[in-house]
Each structure stands twice: as C-alpha cells, then as structure tokens.
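Chemist: Chain residues, written in single-letter form:
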Amino acid sequence: MPTVTVRIPTPLRSYTDGADELRAQGTTVTEVLRALGAAHDGLLPRVLGPEGEPRQFVNIYLGSSNVRVLGGMGTRVKDGDIISIIPAVAGGAHESERPAPRRT
Amino acid sequence: MHETLREKLEELACAGYPYESCGLLLGGSADGECRVERVTRARNLNTERAADHYELDPDDFAAADREARAAGLDIVGIWHTHPNHPARPSETDRAAAWSGWAYVIISVSRDGVQDLRSWRLNGEHFEEESIKPCRP
Numbered sequence: 001m002p003t004v005t006v007r008i009p010t011p012l013r014s015y016t017d018g019a020d021e022l023r024a025q026g027t028t029v030t031e032v033l034r035a036l037g038a039a040h041d042g043l044l045p046r047v048l049g050p051e052g053e054p055r056q057f058v059n060i061y062l063g064s065s066n067v068r069v070l071g072g073m074g075t076r077v078k079d080g081d082i083i084s085i086i087p088a089v090a091g092g093a094h095e096s097e098r099p100a101p102r103r104t
Numbered sequence: 001m002h003e004t005l006r007e008k009l010e011e012l013a014c015a016g017y018p019y020e021s022c023g024l025l026l027g028g029s030a031d032g033e034c035r036v037e038r039v040t041r042a043r044n045l046n047t048e049r050a051a052d053h054y055e056l057d058p059d060d061f062a063a064a065d066r067e068a069r070a071a072g073l074d075i076v077g078i079w080h081t082h083p084n085h086p087a088r089p090s091e092t093d094r095a096a097a098w099s100g101w102a103y104v105i106i107s108v109s110r111d112g113v114q115d116l117r118s119w120r121l122n123g124e125h126f127e128e129e130s131i132k133p134c135r136p
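First to last, the sequence lines map onto chains A and B. Heads up: the first sequence begins at 1 in our numbering, then just goes up one per residue. Heads up: the second sequence begins at 1 in our numbering, then just goes up one per residue.
One should not assume that every hint holds.
Said to hold, decoys possible - Far from chain A, by Cβ distances over 10 Å, these chain B residues were calculated:
| hint | residue |
| --- | --- |
| 1 | Thr-4 |
| 2 | Thr-47 |
| 3 | Arg-49 |
| 4 | Glu-55 |
| 5 | Pro-58 |
| 6 | Asp-65 |
| 7 | Arg-66 |
| 8 | Asp-93 |
| 9 | Val-113 |
| 10 | Glu-129 |
To be verified - These stretches of chain A come out as covered by chain B in the derived footprint (C-beta under 8 Å, 3 or more residues):
| hint | segment |
| --- | --- |
| 11 | 1-13 |
| 12 | 36-49 |
| 13 | 76-87 |
Unchecked claim - Computed from the model, here is a short list of chain A residues facing chain B with C-beta under 10 Å:
| hint | residue |
| --- | --- |
| 14 | Ala-19 |
| 15 | Gly-26 |
| 16 | Glu-31 |
| 17 | Gly-91 |
By construction, these hints were calculated from the structure, which means they are not laboratory data. Predicted model only: the values in this text are computed from it and were never measured. Each residue gets a CB set at the ideal place from its N, CA and C atoms; glycine is no exception.
Construct the entire structure; sequences and hints are all you get.
Modeler: This is the structure:
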C-alpha cells in the first residue's frame, strides 16, 4: 500500500503534536486522510465533512493540484505522493454582512 | 519584520488599491515570537466584492507553502488590505480566521498606506500584537 506524506498547516498542528507533516498509508486521498485521522484524534472532523468531502473551509491538494480538479477524494495515490491540507483564507473590511459561522 | 518587507507590503497594498489585496507571510516561530522572512502576493478570487472582501486563491497558498518548505520556512501569517477602512479586523475577518497565524491588516487610501497592524486570534477574539523591526 502506498505511503504518502501529508502536510499539516499551522492551525491544525494542535491535533498532530506540532508535527508539520506526517506519513500515512492508503490507496486514495480519502483512505490516507482517514488513516491519519485514526492516529490523530480530532484532526479528521476539521478536514472532512460527514460524507467524506473536504469541509467548506478546507482544500485538499495532491501535489500541486486541488483534488476537486482531479478525481475528487477518490483520486488514487502512489508511493511518495504529497497531500497538503490547505485552509481557506478569506475576510475583508465589510462589516454589515452576516458573517459565516465559525468553524473552530 | 524587517523594514524592507514592511515597505514591500506597503507597495503591494498601494498597487492593489482600491481593491483588497492579500498574500502570505513566510518565516519561522520561536520563543513565542514569529519572524517574517518573505512576503508573497496572492490572487483575490472575490472579484464581485473585491473592494471590501478577499478570498485568497488556494493555488497561491499551496505554491507559497511549497516555497516556504523548500526554504526551511513556514507560513506564519496572512496579510490583506482594508481600502478606506481602519487596519482592524472586521467581523468578516474574525468569522473566517484561523488560530496560530498572524493577520497583518493594512489600511490604504488613495493617499497611500494609512496604518499597518498585526492581529492574532485568541479564542473567539482578535488581539493586536506588536510588530518589531529586525535585521534581514
């Protein structure tokens, strides 16, 4: 089974004991992330929704491509691939609009 | 943050006016302080409300993350501008913020940069943090 590196962004490192990248095994992006989630309590709910899709405020990249433009979360991985968890970053000066619900 | 990086941020803020500009701060953290070594510019995907909203292109985030890791650095914060608004986090900023990063906000007007401040999420609220000059 392929072993893949998963890069963890700063805001989620409290779930990985501070590690900025980890290795996990799986044949698809979903399998790798679920394997990682099994070893790091609390991480997976921050990354994937109940149906296994990336949460609204998270993008998952395989190499330099968003998995949304590849085969989705079922995209197959190979040994040595790099998966990056990319937080969505947004905001702005506007004050009157109702803000989106916080996710943390 | 070295003065040259601050000047670069101010140049980027003015170049993007009257729209919101955004990007990433690359550097490292130690002893409770973060040091900014590089700044990058990212595309604002919110083209409909670019005067008062930003949505940082995740492709640019991913590219900055690769650049940072290749240089032994990390993404330590986000910068964005508030055209014709104070350099303080809005409710929109707070609602979308992540913990663990510095959020540098630059107030910019047609006359240039008016203010530049850094904020960090503490629980549900932003707290201002000082920006100290350092050697390059």
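Chemist: Just double-check Thr-4(B) for me: nearest Cβ-Cβ distance to chain A has to come out over 10 Å.
Modeler: 24 Å, holds
Chemist: If you take the shortest Cβ to Cβ gap from Gly-91(A) to chain B, is it below 10 Å?
Modeler: 4 Å, holds
Chemist: According to the definition I'm using, a residue is off the interface if its beta carbon is farther than 10 Å from all beta carbons of the partner; does Val-113(B) meet that for chain A?
Modeler: Given a closest Cβ separation of 14 Å, the condition holds.
Chemist: Are at least 3 residues of the segment 1-13 of chain A within less than 8 Å of chain B when you compare beta carbons?
Modeler: Per the Cβ count (5), the hint holds.
Chemist: Verify that the Cβ of Arg-49(B) lies farther than 10 Å from every Cβ atom of chain A, and report whether the claim holds or is violated.
Modeler: Given a closest Cβ separation of 7 Å, the condition is violated.
Chemist: Would the non-interface assignment of Thr-47(B) survive a Cβ cutoff of 10 Å against chain A?
Modeler: About 13 Å separates Thr-47(B) from the closest Cβ of chain A, which puts it past 10 Å; holds.
Chemist: When I compare C-beta atoms, does the segment 76-87 of chain A have three or more residues closer than 8 Å to chain B?
Modeler: Answer holds; 3 residues pass the 8 Å Cβ test.
Chemist: Quick check on Ala-19(A) please, does its C-beta sit within 10 Å of some C-beta on chain B?
Modeler: 12 Å, violated
Chemist: Please settle this one: Asp-65(B) was flagged as non-interface, so is its CB more than 10 Å from every CB on chain A?
Modeler: Asp-65(B) is in fact no farther than 10 Å from some Cβ atom of chain A, at 6 Å.
Chemist: Using Cβ atoms and 10 Å as the threshold, tell me whether Glu-129(B) really stays out of contact range of chain A.
Modeler: With a cut-off of 10 Å, Glu-129(B) remains clear of chain A, as the shortest Cβ separation is near 15 Å.
Chemist: When you look at the beta carbon of Pro-58(B), is every beta carbon of chain A farther off than 10 Å?
Modeler: Nearest chain A Cβ is 4 Å from Pro-58(B), so the label is violated.
Chemist: Less than 10 Å between beta-carbons is the criterion; does Glu-31(A) satisfy it with respect to chain B?
Modeler: 21 Å, violated
In terms of the numbered hints stated before, the structure departs from hints 3, 4, 5, 6, 7, 8, 12, 14, 15, 16, listed from lowest to highest.
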